[in-house]
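Q: Quick note: the sequence shown uses our numbering, first residue 7, plus one each step.
Note that these hints are calculated values from the structure, not bench results. Accuracy of the hints is not assured; some may be wrong.
[As the list claims (entries may be wrong)] Computed spacing ranges between beta-carbons, pair by pair:
1. LEU8 - ILE35: 19 to 29 Å
2. PRO10 - ALA31: 29 to 39 Å
3. TYR41 - PHE15: 22 to 32 Å
None of the values given here were measured: they were computed from a predicted structure. For each residue, glycine too, the CB sits at the ideal point set by N, CA and C.
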Amino acid sequence: GLTPRAGAFVPFGGGSRLCPGNELAKLEISVFLHYFLRGY
């Protein structure tokens, strides 16, 4: 299901309390990985 277990790591929250920086963080991670893997 969609309900996390007690003590589960939920980095961006969920439901009505979803983190507003969720999409920005995902974008930053993808840009970082792009340049990191490109230079590797």
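Q: Take the hints in turn and mark each one as holding or not.
A: Outcome of the hint check:
1. LEU8 - ILE35: 19 to 29 Å: The hinted range 19 to 29 Å holds for LEU8 and ILE35, with Cβ atoms some 22 Å apart.
2. PRO10 - ALA31: 29 to 39 Å: Violated - the Cβ-Cβ distance for PRO10 and ALA31, about 18 Å, lies outside 29 to 39 Å.
3. TYR41 - PHE15: 22 to 32 Å: holds, 27 Å
The structure fails hint 2 only (numbered hints given earlier).
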